[in-house]
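2 protein chains.
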Amino acid sequence: MISLEKALQIVLSEVSKIRLLPPEEVGILSSLSRTLAEDVYAHFNIPGFDRAAMDGYALVAQDTSSAALDRPSLLEVIADLPAGYRTDKVVDKGKAIRIMTGAPLPEGADAVIMVEDTETEENKVKVFKKVKIGENISFAGEDVKKGELILPGGKFIRAAEVGMLASLGKKKILVRRKPRIAIVSTGDELVETGKNLGKGKVYDSNSFALFSQVVLSGGEPQRLGIVQDKREDLMAKIREGLSFDILILSGGVSMGEYDLVKEAMENTGVKMLFWRVAVKPGKPTFFGVRGNTLVFGLPGYPVSSMINFENMVRPAIFSMLGRKDWQRIKVRAILKGTVKKKGKRKNFIRVKLLREGGKYWALPAPSQKSGVLKSMVWANGLLILPGEVERIEKGKEVLVELLG
Amino acid sequence: MISLEKALQIVLSEVSKIRLLPPEEVGILSSLSRTLAEDVYAHFNIPGFDRAAMDGYALVAQDTSSAALDRPSLLEVIADLPAGYRTDKVVDKGKAIRIMTGAPLPEGADAVIMVEDTETEENKVKVFKKVKIGENISFAGEDVKKGELILPGGKFIRAAEVGMLASLGKKKILVRRKPRIAIVSTGDELVETGKNLGKGKVYDSNSFALFSQVVLSGGEPQRLGIVQDKREDLMAKIREGLSFDILILSGGVSMGEYDLVKEAMENTGVKMLFWRVAVKPGKPTFFGVRGNTLVFGLPGYPVSSMINFENMVRPAIFSMLGRKDWQRIKVRAILKGTVKKKGKRKNFIRVKLLREGGKYWALPAPSQKSGVLKSMVWANGLLILPGEVERIEKGKEVLVELLG
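Chains as they are written, first to last, in the numbering used here: chain C, 6 to 409; chain D, 6 to 409.
Please keep in mind that the hints were generated in silico from the structure rather than gathered at the bench. Careful: at least some of the hints might be erroneous.
For chains that are exact copies, the list does not tell them apart, and a pair is met inside one copy or across any two.
Stated by the list, open to error - Each computed DSS-like pair below joins lysine-lysine, with the alpha-carbon atoms no more than 27 Å apart:
{"hint": "1", "residue 1": "K399", "residue 2": "K267"}
{"hint": "2", "residue 1": "K347", "residue 2": "K134"}
{"hint": "3", "residue 1": "K357", "residue 2": "K151"}
{"hint": "4", "residue 1": "K335", "residue 2": "K357"}
{"hint": "5", "residue 1": "K137", "residue 2": "K346"}
{"hint": "6", "residue 1": "K151", "residue 2": "K204"}
{"hint": "7", "residue 1": "K364", "residue 2": "K345"}
{"hint": "8", "residue 1": "K160", "residue 2": "K374"}
{"hint": "9", "residue 1": "K137", "residue 2": "K94"}
{"hint": "10", "residue 1": "K349", "residue 2": "K285"}
{"hint": "11", "residue 1": "K346", "residue 2": "K11"}
Working from the sequences, and respecting the hints, build out all of it.
Printed below as a string of structure tokens:
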């Protein structure tokens with residue numbers, strides 16, 4: 006049995022031996038929630054020109070040097086300049102151009118006075134306030150400078166990045182291909198949802214939860230269906246799954262099934278790297294590789310399967326995409342019920358975070374059993390009890406890691 | 006000028022007058038990241054039968070009452086029961102059935118001893134430990150009880166909920182239709198990305214960022230393109246947008262454009278409810294309604310547009326879906342640079358949260374100007390300065406609200 010830290014290190018080390026997923030070109034709107042596969046530089050300044058940062062009047066700052074509420078400067082308005090247009094007129098001393106936010110600063114002007122500090126009078130404007138050179142001007146390159154590296158490869162693309170790509174004039178961009186991930190549920194007790202549930206049977210739910218987790222982690226899942234605990238069927242499914250980037254098996258880690266899976270792995274050329282991880286839930290978890298395919302064997306218990314996905318498969322997916330940001334957000338909260346554990350394994354307690362009275366409160370799910378999927382429906386966070394911690398009392402401040 | 010709280014109250018009050026978005030049926034895999042539009046009850050227990058929670062031996066607990074490491078109980082093994090199967094054999098006193106995790110508990114047995122506490126000897130098993138009645142058994146209904154309300158309408162569907170729907174035997178489910186959201190960028194200075202950038206022009210980026218924000222908030226966006234500051238064009242676009250659930254205009258709030266937009270709103274029957282919000286960035290923001298369509302007018306500055314979307318449009322989308330969970334997660338962090346503001350408006354400072362040495366650190370973006378989209382690329386959180394706060398010193402603990 007190895008620690009989760011060691012297990013993750015083995016997984017990531019295998020990922021690092023495989024080349025990153027290949028790039029593919031997509032339109033920028035389709036690049037949302039993908040991972041950038043190129044360095045994006047600015048080919049021009051943004052804005053491309055000095056412009057008015059406010060609605061007002063472009064003028065020569067010196068003309069306002071003695072301006073005050075009771076002693077306004079009076080300037081001649083020689084033009085009206087909306088955003089998107091230019092003027093050939095020059096702002097000499099004593100003159101001003103009415104200018105809208107975003108319009109290019111006219112020649113001769115070195116400041117903009119806000120419209121709120123002025124009063125119009127026919128073709129003149131009274132300026133009630135002194136402005137400094139450069140005031141209310143957005144200078145060329147204020148947002149982005151020509152030649153600057155704006156978005157480095159490996160960056161996850163959110164709404165701001167899509168907006169930035171548009172403002173850089175990009176229509177298309179290289180992103181990493183999504184990892185293709187095969188999901189196989191194993192077990193004679195499993196029935197496909199929608200079919201009749203016979204005696205002693207349960208509906209397969211893991212492949213549905215795992216499918217969803219893959220989607221949310223940026224992979225492209227495919228359910229290969231349920232496979233019974235039969236040697237040939239299992240080997241055929243594993244072979245099918247080995248054409249993917251990742252193969253996830255769920256179940257098949259119980260004693261009776263275990264030898265079968267182990268043998269099937271050996272016979273299909275999968276090199277097994279670990280078999281057991283010191284976590285609860287989720288101890289019986291294996292990991293292997295064949296060529297460029299990672300193979301995860303997750304427990305059949307729905308909670309174990311989901312949590313081990315988060316702890317091991319999600320970092321592998323991120324890493325294949327060149328992302329490093331798989332750490333969960335940690336939030337301090339007051340524990341609303343005492344939690345305890347037995348044994349030396351690291352425990353992942355499912356909790357619901359609530360905000361009340363300016364604080365977060367962590368409510369442990371009523372049942373922490375690995376078979377109780379309702380605890381994952383309940384939870385939006387995990388409270389992690391390290392090996393040596395046996396209990397944490399109600400009322401203590403704890404660190405909760407956010408799920409999803 | 007009204008406060009953000011008041012503005013949001015007006016928006017949500019208008020949403021509450023409109024019926025919720027209609028339900029539509031989708032397969033459970035497609036229900037991920039959608040909002041449930043029905044109450045989901047359990048029609049059967051999960052598990053549907055008492056079952057072994059561990060690999061081991063099903064037995065009569067009383068048979069182990071004197072078992073110990075140096076004095077094992079010896080039981081006759083009468084059958085082997087994998088998960089997914091049943092047996093007609095009865096576990097009488099002195100007998101045991103080898104049982105796998107998930108297999109139904111055979112008649113007569115009232116406990117399961119873990120395989121680790123046993124030793125096999127031909128058709129006998131030595132039991133080295135006392136077990137209590139019920140030990141290592143998952144009882145019928147342990148996860149879900151027949152008749153129980155499992156997922157209430159309005160719940161956002163994550164991976165755990167998809168798994169739960171599968172284990173309840175559901176193939177399809179009712180979710181709220183996504184709100185259809187039209188996005189219009191206004192301004193003579195805007196050029197569509199991919200085209201040549203003339204003098205005094207900038208690429209339209211807001212409609213791309215807004216499109217992405219709508220996707221991430223659970224809406225279905227459509228870009229209606231860029232509209233120039235011309236009366237007829239603007240009115241035609243507004244009319245087109247009024248057939249959607251929400252129309253977002255970006256730009257058109259500068260002085261010169263403002264009267265135009267106001268007139269266009271009046272002429273298309275949009276009732277304006279507010280015009281200015283006491284926030285920075287994003288003061289010039291309007292909101293109106295016509296029939297069942299909400300109309301938001303966001304500022305042309307890219308940061309203002311994005312932040313006001315998060316503060317006003319996103320809650321509106323959630324609310325139309327029946328969701329109430331639009332509050333951002335709040336994380337305590339140490340401020341890495343002094344921040345200050347002028348004026349009484351609530352400020353949204355863009356910060357990057359980093360975790361180092363067991364703490365979060367908040368790094369304010371180098372430029373906090375509304376035109377600097379790079380600050381949104383930089384940030385993963387917002388530090389909110391209420392009206393009365395003028396500065397917060399470097400080194401202070403602050404509350405950062407997470408973006409996305």
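Each hint tested on the structure:
no.: 1; hint: K399 with K267; in the structure: neither (43 Å within a copy, 56 Å between copies)
no.: 2; hint: K347 with K134; in the structure: between (73 Å within a copy, 17 Å between copies)
no.: 3; hint: K357 with K151; in the structure: between (47 Å within a copy, 24 Å between copies)
no.: 4; hint: K335 with K357; in the structure: both (13 Å within a copy, 15 Å between copies)
no.: 5; hint: K137 with K346; in the structure: between (66 Å within a copy, 19 Å between copies)
no.: 6; hint: K151 with K204; in the structure: between (69 Å within a copy, 16 Å between copies)
no.: 7; hint: K364 with K345; in the structure: both (23 Å within a copy, 25 Å between copies)
no.: 8; hint: K160 with K374; in the structure: between (37 Å within a copy, 23 Å between copies)
no.: 9; hint: K137 with K94; in the structure: within (22 Å within a copy, 95 Å between copies)
no.: 10; hint: K349 with K285; in the structure: within (9 Å within a copy, 51 Å between copies)
no.: 11; hint: K346 with K11; in the structure: within (22 Å within a copy, 47 Å between copies)
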